[in-house]
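Chemist: Chains as they are written, first to last, in numbering that gives the first Met the number 0: chain A, 0 to 229; chain B, 0 to 349.
Derived from the structure by calculation, the hints contain no laboratory data. A portion of the hints provided could be inaccurate.
[Stated by the list, open to error] Within a straight-line C-alpha distance of at most 20 Å, the following computed PhoX-like cross-link-like pairs (lysine-lysine) qualify:
(1) A:Lys31 - A:Lys222
(2) B:Lys296 - A:Lys222
(3) A:Lys31 - A:Lys220
(4) B:Lys343 - B:Lys296
(5) A:Lys229 - A:Lys31
(6) B:Lys235 - A:Lys229
[Claimed, not checked] Below, a sample of chain B positions facing chain A; criterion: calculated Cβ distance under 7 Å:
(7) Ile132
(8) Ser133
(9) Met138
(10) Tyr241
[To be verified] Residues of chain A placed beyond 10 Å of chain B at every Cβ, according to the derived structure:
(11) Ala164
(12) Ser198
(13) Asn221
We treat Cβ as the ideally placed atom computed from N, Cα and C, and that holds for glycine.
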Amino acid sequence: MSERQTEVTTQQIPPKDPAVSYTEIAWQGVWKNNPGIVQLLGLCPLLAVTNTVTNALGLGIATLFVLIASNTLISLIRSYVPQAIRIPIFVMIIASLVTCVQLLMNAFTYELYLSLGIFIPLIVTNCIIIGRAESFASKNSVKYAAFDGLMVGLGFSLVLILLGASREILAQGTLFAGIDALLGDWAKELTLELYHADSHFLLAALPPGAFMIMGLIIALKNKIDQRVSK
Amino acid sequence: MAFISSSSPYQRVRRSTSEIMLLVLLCLIPGIFLQSYFFGLGNLLQILLASTVALLSETLILILRKRPILSTIKDGSALLTGVLIAIAIPPLAPWWIAVIGTVFAVIFVKQLYGGLGQNIFNPAMAAYVLLLISFPVQMTTWIPVQSLHPFSLTVMDQINALFTGFTLDGYSVAQISTSIDGLTMATPLDTARNALNSGKTISEIFNSPEYKASSWQAIEWVNLGFLIGGLILLYKRVILWYIPIAFLAGISIFSFIAFAYNPDLNISPLFHLFSGATMLGAFFILTDPVTASTTVKGRIFYGVLAALIVVVIRNIGGYPDALAFAVLLANMCVPFIDYYTQPKVYGRGR
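With the sequences and hints as input, model every part of the structure.
Modeler: Laid out in structure tokens, this is it:
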């Protein structure tokens, strides 16, 4: 019994992948393996809260923060975590980080906290975070893991913001509406009214519209990739 | 039963897609004629606009997809989609309603799935649902029948109203849509639903001035027009009888159950059959060969399923008419229906 335990705890850290470099991590996280539009992870918050740029930005920043922190922590403890129970441990770490983020948003950006609602606590179940923890942070050194969290988080936030912006323009004709909920009162002037129409394209604000615009963004990315590879 | 009395070989005529589409278009004429007789020429203008846009967007997407253009356009499916959308939207809806709907139907619902024969959803009905959800105000503003118009509308007036929202004399579409005594005009299903929600019974509704002022007679005539067109299609064997009969029987049975349960709160089967888009749907939309079920048993299931959804939504749902939703929901079930209703091959066990 004791032999088995030592076997578990003294597991070998896999040899460092020579291909890991900062440029490679950035390229993979933001473009090549973008979590939002290539891996299609975290679709639930991606489609649910991107009706305005403000919401998208809020969720993007929250996810980004959780990703960096969880990747760093998991990378720090990676040699002490028993292989068999690593997933529960990762989830515990992520859940405590998300709780921190939720309390911070409750304290400092209360309106945004209300409008994002259940999707802040749901960051715990976002498969991007557990996915990066499992496939990257638990195998790489702290500096790479933290940088990977930053880049993947950026890639996800960019998709969120792009989707949020196109949906907000189509459905309301504005950009950055309600941004003061995120940045404070000074940001009220940031809100742009791009056009004014008597009737707006309501569908863009509804889930089916989100799916359609998402599909168009994926198609655009594939088109650019095709162009580049030619 | 007529026996074939000529000698062999018995050759069967295979109609091409464009021939079928043309026949369907021709059979739509009685309904369209009655619609424009009652609601003015706005209807025909919408058809002109929608079919032009349909052909243009089909050309555009075919160029983008690098597919043969002329042979695909000639099959007439885009034209038919445009015409069906134009029939379904209110005659004096702003021009961009028809344009958005048609572009969405042809490019998104049909061509992005791979073109005619590959689409899961009926393009015209998917576009109608998109428009109804996105622009509820414009999509429910039906103008009164011409005999009840407070203003007489010339053709130029209608063209102007379509493109700018105002007639030449400066009346808005909303003003045209209210009749002489200031009652808002709505379709009969709409009127019945609103009155039911405010606690009236069916017999009160049918005797009320709102209902008498609504376009119920016109809608019944239009339905009759589409019924005639549909019967010609059946006679010409462009469509088979399973889906329309199953659908109409389903509507009658389900609405009769509701009617028998509480005749004060549920409209009668006859009213169901001749209001809304029942006849247009039964003969021209549900029978779409691409999105409908393809087996014999499956077609009957498909028609009954659509009928059930229509009656449920009309009686207890949030929207006055439900045909478009019913068609889309039934379309989704088609792969499933087809899978379980494959005919038995002769000689094979159960």
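Chemist: Now look at each hint and say whether the structure bears it out.
Modeler: Verification of the supplied hints:
no.	hint	result
1	A:Lys31 - A:Lys222	holds, 13 Å
2	B:Lys296 - A:Lys222	violated, 43 Å
3	A:Lys31 - A:Lys220	holds, 10 Å
4	B:Lys343 - B:Lys296	holds, 11 Å
5	A:Lys229 - A:Lys31	holds, 16 Å
6	B:Lys235 - A:Lys229	violated, 52 Å
7	Ile132	holds, 6 Å
8	Ser133	holds, 4 Å
9	Met138	violated, 10 Å
10	Tyr241	violated, 31 Å
11	Ala164	holds, 19 Å
12	Ser198	violated, 5 Å
13	Asn221	holds, 13 Å
Hints 2, 6, 9, 10, 12 from the list above are not met by this structure, while the remaining hints are.
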